[in-house]
Structure formats: C-alpha cells, structure tokens
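**Student:** The chain contents come next:
Protein chains: 2
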Amino acid sequence: MTTKMAIGAKDIFRNQHRLIRFIEQSIRLCSNQSLKAAQQQQQQQQQQHQLNKTQLDGDFNISKSLNSEHWNAVPEPVEHDPDVGQQFYGNQLMVRLASPQQLQPKPDRDEDLIFGKQFTDHMLKIYYHKSLGGWQRPEITPLENLVMHPAAKVLHYAVELFEGMKAYRGVDGKIRIFRPNMNMNRMNLAAKRSGLPTFEGKEFIKCLSRLISIDSEWVPHTQAASLYIRPTLIGIDPTLGVASSDSALLYAILSPVGSYFKSDSSGAVSLLADPSYTRAWPGGVGNRKMGSNYAPTINVQKKADAKGLQQVLWLYGETHDLTEVGTMNIFMFFINDKGEKELITPPLNGLILPGITRDSILALARQWGQFKVTEGTFNMPRVCELLNQGRLLELFGTGTACLVSPINRIHYMNQDLYIPTMEQEKPVHETIRTALTDIQYGKVPHPWAVVIE
Amino acid sequence: MTTKMAIGAKDIFRNQHRLIRFIEQSIRLCSNQSLKAAQQQQQQQQQQHQLNKTQLDGDFNISKSLNSEHWNAVPEPVEHDPDVGQQFYGNQLMVRLASPQQLQPKPDRDEDLIFGKQFTDHMLKIYYHKSLGGWQRPEITPLENLVMHPAAKVLHYAVELFEGMKAYRGVDGKIRIFRPNMNMNRMNLAAKRSGLPTFEGKEFIKCLSRLISIDSEWVPHTQAASLYIRPTLIGIDPTLGVASSDSALLYAILSPVGSYFKSDSSGAVSLLADPSYTRAWPGGVGNRKMGSNYAPTINVQKKADAKGLQQVLWLYGETHDLTEVGTMNIFMFFINDKGEKELITPPLNGLILPGITRDSILALARQWGQFKVTEGTFNMPRVCELLNQGRLLELFGTGTACLVSPINRIHYMNQDLYIPTMEQEKPVHETIRTALTDIQYGKVPHPWAVVIE
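Which chain is which? The protein sequence lines are A and B, in order.
With our numbering applied, the first sequence closes on residue 517, and no number is skipped along the way.
With our numbering applied, the second sequence closes on residue 517, and no number is skipped along the way.
Be a bit skeptical, because a hint or two may be false.
[Stated by the list, open to error] These stretches of chain A come out as covered by chain B in the derived footprint (C-beta under 8 Å, 3 or more residues):
(1) 256-265
(2) 341-349
(3) 456-463
These are calculated hints, taken from the structure and not from any lab test.
Virtual Cβ for every residue (Gly too), placed ideally from N, Cα, C.
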C-alpha cells in the first residue's frame with residue numbers, strides 16, 4: 065500500500081509538471097496576438113453583415129488569436145462557507161489498485177459503446193464528514209458498490225448533483241480533458257444550492273487526472289468515441305430531516321462512450337414540444353446541475369418515445385419560449401430581420417443550464433465574427449414564422465455527451481415542423497463540431513484542452 | 065427459514081382477519097346515519113353565517129355521522145403499465161429476523177426523540193427487476209445498509225420518491241395506521257411520473273403491517289410520540305442514461321419520533337416568505353411526493369434559519385399566492401367578506417402536494433359544518449389585508465410529520481407580520497389536532513384508523 069501511494073504521489077507530481085509545461089506553452093502560443101486585436105477583428109467582421117463561407121472555413125486557427133486569459137475565463141470560484149471545514153488535496157491521494165482478476169475486459173469495438181453502461185476498473189472517492197473536520201483523504205479504489213444507510217439523504221430528498229466531462233485520446237496519442245475548471249465551478253455552485261459541502265476544484269481535477277491516468281487504456285483509440293467522466297456529489301447523512309448534509313461522498317466513475325443519442329440515418333433527432341410540461345422556472349434550480357432537474361423529465365421523454373420522437377424540446381411560459389432540448393442547450397441559426405445570418409441561444413436567465421459546450425460555441429463563433437451571435441429568448445411562434453419564410457437554417461442541441469446534435473423535426477401542437485438543418489450546404493453545426501473536436505482531439509493546440517498523462 | 069416464513073404467513077392471515085373484522089365493525093357503526101343526512105346538516109349549518117363555538121366543541125362524534133364508503137374515498141388506484149410485469153404479494157413475504165446481538169436499545173424517553181435519527185431493528189425490501197419478470201418476493205431483514213452500483217440512477221437523476229406515514233399506539237394498547245390506501249395511491253402516482261414501476265398498494269400494506277408488528281415494541285407508549293414509517297422507492301439500474309428504471313428497490317424503514325419541528329415556547333413557528341424562490345410550478349411535479357421537490361428547498365431553509373425563522377412559506381407567481389409551508393400544506397382560518405368564519409387551503413391545482421392530513425381536515429371540517437370550508441387560492445396581499453382588519457384568526461401548516469403546526473409570524477418583504485394564531489380562545493387548529501389524534505390514538509373508533517397487530 066505504501067509503495068503504491070508513493071508511486072501515486074510521484075505520478076501526480078510528474079503530471080503536475082507536465083500540465084504546467086503545457087499551459088506555459090499554450091500561453092506563449094496565444095500571446096502572439098492580443099485580445100484587443102481579436103476584438104477589433106470581430107467588430108470589423110460583424111460590420112460586414114454577410115457570411116463568407118470560404119472565409120469561415122479558412123479562418124480557423126483559434127489558438128493563435130486570443131490570449132489564454134480570455135479563453136480560460138471561468139466564473140469566480142465559489143467561496144466556501146466557514147463551517148465547511150478542512151479541504152482535501154490531490155497530493156493526499158491514496159491508491160488501491162484492482163487485482164489482476166478484477167480487471168474487466170475492454171469493449172472490442174468502440175462504435176458499439178452504449179452511453180454509460182460500461183465502466184472502467186477504478187473509481188475515485190472522497191468522503192466528507194463534518195464531525196471529522198471536513199473533507200477526508202481522497203482515494204482511488206477498484207470500481208465497487210457503494211454502501212449506504214437506507215435513510216441516506218440522497219435516497220429521499222435528491223441531495224445529489226453531478227457533472228459530465230470527457231477524456232479524449234488525441235491524434236498525438238495524448239489524453240486531454242476540456243475546460244475542467246468550468247465543470248468544477250458549476251459543481252460547487254450546485255453544491256451550495258443543495259446544502260452540500262464545497263471543495264477545491266483544482267484539487268479534485270488532480271485526483272481525477274490520476275484516475276484517468278490509471279485507467280488510460282480505457283480511453284478509446286478513435287475520434288468516434290471518448291471516455292465519459294461522471295463526477296458525482298451525494299448527501300449521505302442517515303437522517304430523515306430535510307436539511308444540509310453533514311456527511312457527503314464526492315466520487316467519479318468513468319465510462320467509455322460512443323455517441324449519446326439515437327438518431328435517424330441522417331444523424332438528426334426529432335423532438336416533442338409539449339407546452340404542458342416545464343423543465344425549469346424562475347426561483348427554481350434549472351441553472352444548476354442537480355439530480356432533481358432530471359427525474360421529472362423521464363416520463364415526458366417516455367411520451368416522446370411513444371410518438372417515435374427522440375428528444376423533448378422544453379418550452380417555457382405562455383409564449384412557448386425554447387429553453388433546452390433533452391439534456392442539451394439549444395442553438396438556432398437563421399436569417400434575421402436585417403437579412404444577416406445570426407446564431408442565437410437562450411440567455412442564462414436562471415432557466416438554462418450554463419453549458420460548457422454552449423459557452424465554448426459562443427466564444428468560438430464570436431471570435432470567428434462571420435455571423436451575428438446572440439444570447440436571447442426566442443419562441444415557437446418565431447420558429448414557425450422563420451420556417452415559413454425560409455429563414456430558419458439550422459437548429460441543434462449542444463452538450464458534453466452529444467457535442468452537437470442536429471434537429472430535423474419538431475412535433476408541436478399536433479403539427480410536424482420540418483427543420484432544414486441537414487439540408488444546408490456548409491452547415492454551421494458541422495463547422496462547430498469540427499472546431500470543437502479539433503481542440504478536444506489535439507489537432508489544434510488550445511488552452512481549453514488540458515493534457516493529462 | 066421455512067419455519068419463520070410459515071409463522072410470517074400465519075400472522076399475516078391472522079392480521080387480515082382482524083383487519084376485516086375491524087372494518088366490518090366500523091361500517092356498522094357508521095351506517096347509522098347516511099351521507100345525505102350529514103350533507104343536509106352541513107348545508108343548514110352553513111346558512112347560519114355564525115360560528116357557535118360551543119356547538120363546534122360538542123358536535124364531535126365523527127365516526128357515527130358518515131358512512132365508511134365516504135370516509136375511505138381514495139383516488140382511483142393507478143393502472144399498471146402492461147410492461148411492469150409480475151406483482152408481489154404479502155403472502156410471499158420472507159422474514160429474516162435480527163439476531164439478539166443486533167437488536168438496538170430503544171430510546172429511554174420518548175420526548176427526546178429527534179425526527180428521523182433513530183431506526184428500528186428491521187426493514188422491508190422488495191426488489192424489482194424487469195429482466196427477472198417484475199417484482200420479486202418481499203423480504204423483511206434486519207436494518208442494514210443498502211449496496212448499490214455507483215451509477216445507480218437514484219444517485220444521479222433523483223429517481224426516487226417516498227411516503228410519510230405513522231403508527232400510533234392507541235389508548236387501548238392497539239397499534240393503528242392512518243388511511244394507508246391514500247399513501248399507496250399517491251406513491252403509485254409518483255412512481256408513474258418518475259418512470260418507476262407501480263405496485264399493488266394493499267399488498268405493500270400487508271408487508272408493512274408485518275414489519276410494524278415485528279418491531280411493535282418500538283411504537284412509543286405515549287400520545288406525544290409515534291412510529292414514523294418511511295416507504296421509499298428508488299431506481300437502481302447501474303446505467304447513466306436518463307430513462308425509465310428497469311431495476312428498482314421499494315423499501316420501508318421505521319423511526320420512533322416525537323415532534324417534527326423546532327418551535328418557540330408557545331409551540332408556534334415563524335416563516336420566511338421570500339418570493340424569489342419557488343417550490344413548484346405548472347407543468348412540474350409539485351403535486352407528487354418525489355425526492356426532486358426537496359433538494360432545492362434546503363438552501364432556502366438555510367436562509368430562514370439564518371434569520372432565526374423556523375420554516376419557509378412558499379409563494380407562487382407575481383401575486384405571491386401562498387402554496388405550502390416547509391413540507392406542509394397550509395390552512396388559513398379567517399372572517400370572510402360576508403362576516404362568516406371560513407377555513408381555506410390552496411386547491412389541488414398541480415402546485416400543491418395532495419396531503420392526507422389536508423384531505424382529512426377538509427372532510428372533518430365539512431362534516432362539522434360549523435364554518436365555511438374552501439379550497440381556493442389566497443395571496444400575501446390578502447393575508448396583509450385580513451391582518452390589518454383583524455379578520456385573520458389562524459394560520460397553520462398540516463402534515464403527517466407535524467400533524468398541525470400553528471404559525472405566529474411571517475417575515476415578508478422585510479416586514480414581520482404577526483399572526484394571532486395562538487391568541488384565539490378556542491382555536492380551530494387545536495380542535496382539528498384533537499379530532500385527528502382522537503382517531504389516530506383510538507379514542508374514537510373511525511374507519512380512517514386501521515388497527516394492525
């Protein structure tokens with residue numbers, strides 16, 4: 065055990081050094097052009113009012129055009145409540161490896177992977193007990209069942225939250241994760257909202273990197289797949305009061321995944337838009353990645369399935385505003401009233417999960433400056449109007465699990481609306497997908513992609 | 065094992081016979097006066113437009129005035145989806161008793177009991193596996209930890225729901241539960257809404273009765289306490305897709321409890337009414353007892369605590385309608401515009417949990433016919449108006465855990481509203497509490513109270 069721990073610690077330090085080296089390189093690469101220059105460029109391009117597709121395809125060397133400070137802008141880290149107690153640190157990590165007999169066979173064909181059904185050999189666990197001073201030492205163990213009291217808060221009051229991340233095996237063989245600080249900040253915001261203890265995101269990422277490193281052979285050797293990472297935080301106090309958690313478990317499991325959604329042969333999904341169901345509402349928690357946002361969607365998804373539709377389009381209010389699609393953010397690409405091409409996504413008004421893919425797409429598209437980029441509300445009547453006038457070009461969902469998911473049909477008020485997303489010559493959603501995967505799979509160096517050993 | 069099972073089955077049959085005998089007796093008692101006569105009486109009394117308190121106190125022989133068909137009116141049982149598969153039955157129950165060494169000491173003083181911190185020696189478990197045909201055999205085991213895969217749906221997507229019931233030790237030494245069919249129907253409605261399998265409520269009650277019977281010495285020997293029953297249903301499939309559960313666990317744990325809420329010395333609670341938080345909304349699941357309704361309330365409760373307030377008053381919409389208080393339904397007793405005394409509670413419009421205590425209070429108060437009884441929306445401006453005019457008499461929460469919880473203060477828009485609930489000479493909330501506890505503790509025979517061995 066001591067030997068393993070020593071090896072663990074050595075590896076962490078080595079990884080840290082590599083990480084720091086990589087970030088330094090990225091900063092050097094990026095500092096060639098300043099943020100100001102990029103902003104000027106963007107303003108000029110927005111004045112053109114015309115999408116030049118050739119220019120869009122060619123103008124794609126993202127990592128050289130903005131400095132890393134801008135790219136790595138993340139929300140302010142959550143301030144810990146004074147009574148959270150001690151934090152955990154990556155250099156305290158204990159590792160208990162699976163025995164050779166416990167190791168699972170890896171899937172034969174990456175394309176057969178079903179989302180979240182198969183898991184790797186190890187997991188990460190960090191317990192929190194207020195009565196023991198706060199966060200305990202992080203540990204990596206073989207993947208094993210959790211043991212908990214039947215009164216554990218997570219089983220009764222949905223005291224639980226999670227994140228979705230991915231590790232990608234790049235064209236250079238290196239494994240990368242994507243903007244992990246964003247996940248950590250979002251997770252801490254959800255913890256605060258749930259009466260769960262907050263933690264130091266960067267320390268969790270150190271532990272997670274070690275876990276991925278140990279199970280690195282599970283990261284698929286193809287761009288058609290990746291290793292899905294599921295950090296989870298649950299309240300485990302064995303008491304039935306509806307109250308903050310004095311005991312919690314922060315853990316992570318890993319699952320090799322192919323594509324998330326079933327889609328038709330074209331790769332597009334069809335949606336049920338039923339205004340009688342609401343996902344989130346003002347004064348609620350629709351902008352936090354808490355488990356409680358998901359259970360109420362399952363029965364609605366079942367109704368979509370029964371109609372042969374693949375996902376639910378979540379509408380809000382009497383105006384039937386589009387908010388999210390399935391578990392994704394939604395984007396519309398259209399020709400606006402000024403005749404400009406415009407990419408729009410609902411604003412972060414409390415009803416919308418602040419997606420990291422969403423944020424990345426907005427940042428990329430603004431940098432490209434090839435079309436107008438807006439965070440604004442749009443509703444079903446507007447969608448119908450644009451569709452009738454031939455001005456709706458593309459509609460797509462975005463998220464970590466699916467990346468970009470084009471939409472070709474909406475079933476709304478007993479009508480089928482056919483969306484021409486798949487009929488565009490050079491669709492924006494494809495350009496976006498390429499740009500993101502180029503970063504994630506290391507085809508272009510970018511500070512968003514963090515290499516781990 | 066076989067012997068224990070045989071004993072278990074024998075006990076169940078004996079219990080069933082006793083139950084049937086009791087219900088038959090109750091029906092005989094109740095059929096003396098018909099529903100119609102009671103309704104006529106109620107109409108006459110409502111025409112009086114005056115509350116005669118003496119009459120209210122004297123007219124209290126509930127069990128003889130309505131027939132049991134009326135009293136036991138419950139929502140239609142949920143229809144099982146065809147693919148739920150086989151059901152479980154009480155006569156299949158397997159019992160594995162705790163060893164003498166495993167038995168826990170019972171609490172010394174019932175009044176010291178903290179809600180949901182201590183549990184009895186045994187629990188009930190019923191697994192569901194679609195791949196094994198549906199529901200499996202019910203089993204009673206020593207209280208033990210649950211073992212589940214870290215990807216279990218309950219830990220990620222809040223696929224969980226529960227009920228709150230109580231077993232009361234009556235003045236005659238018999239143990240009673242209260243309107244259990246209502247809990248079972250509500251639980252099945254929540255299961256449908258959560259993509260969890262439905263079950264036969266009456267079979268679950270048979271199993272639960274046996275569990276209470278085994279742990280009967282845990283039912284406190286006082287009217288100041290009771291045995292809280294927590295039936296729980298969770299989705300346990302070890303897969304990360306947001307989807308219906310093909311594996312589930314229905315279980316029950318028991319906890320001896322005193323009073324639920326902290327209150328001031330007068331026994332009343334103070335409330336935080338902050339319109340920036342919403343508990344439930346149209347198109348959501350606020351009317352189902354799902355875990356997902358609770359996690360988002362914890363942080364708001366913390367804000368109430370920080371202000372020295374005991375509970376949260378949940379408002380809805382721009383008009384600040386009163387919906388619920390903490391985890392309770394809310395009732396207001398006031399003098400209406402016609403000068404009549406009136407008891408009002410928000411209607412079951414989808415935002416309100418259909419409380420069994422709520423339903424019971426409405427039925428009792430309507431039978432008494434001493435004041436007007438209304439299910440209707442009322443808002444904070446109305447509360448302020450009534451208060452200013454001296455027409456607001458009482459405000460109280462109701463629920464299984466607390467029964468009746470009087471409210472003496474609301475902190476709203478930076479103002480403290482003092483409610484004279486505790487200043488009434490013969491308060492209605494006390495009359496209601498007495499009426500309900502008289503039934504629950506067997507002081508008056510009533511079909512709502514079901515005796516178990």
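**Student:** Hint by hint, note whether the structure agrees.
**Tutor:** Against the structure, the hints:
Coverage of a stretch by a chain is defined here by at least three residues with a beta carbon nearer than 8 Å to that chain's beta carbons; for the stretch 256-265 of chain A and chain B the count is 4, and the condition holds. Coverage of the stretch 341-349 of chain A by chain B holds in this model, with 7 residues showing a Cβ closer than 8 Å to a Cβ of that chain against a need of three. With 0 residues bearing a CB less than 8 Å from a CB of chain B, the stretch 456-463 of chain A misses the requirement of three and the coverage assertion fails.
The structure is inconsistent with hint 3 alone, although it conforms to all the rest.
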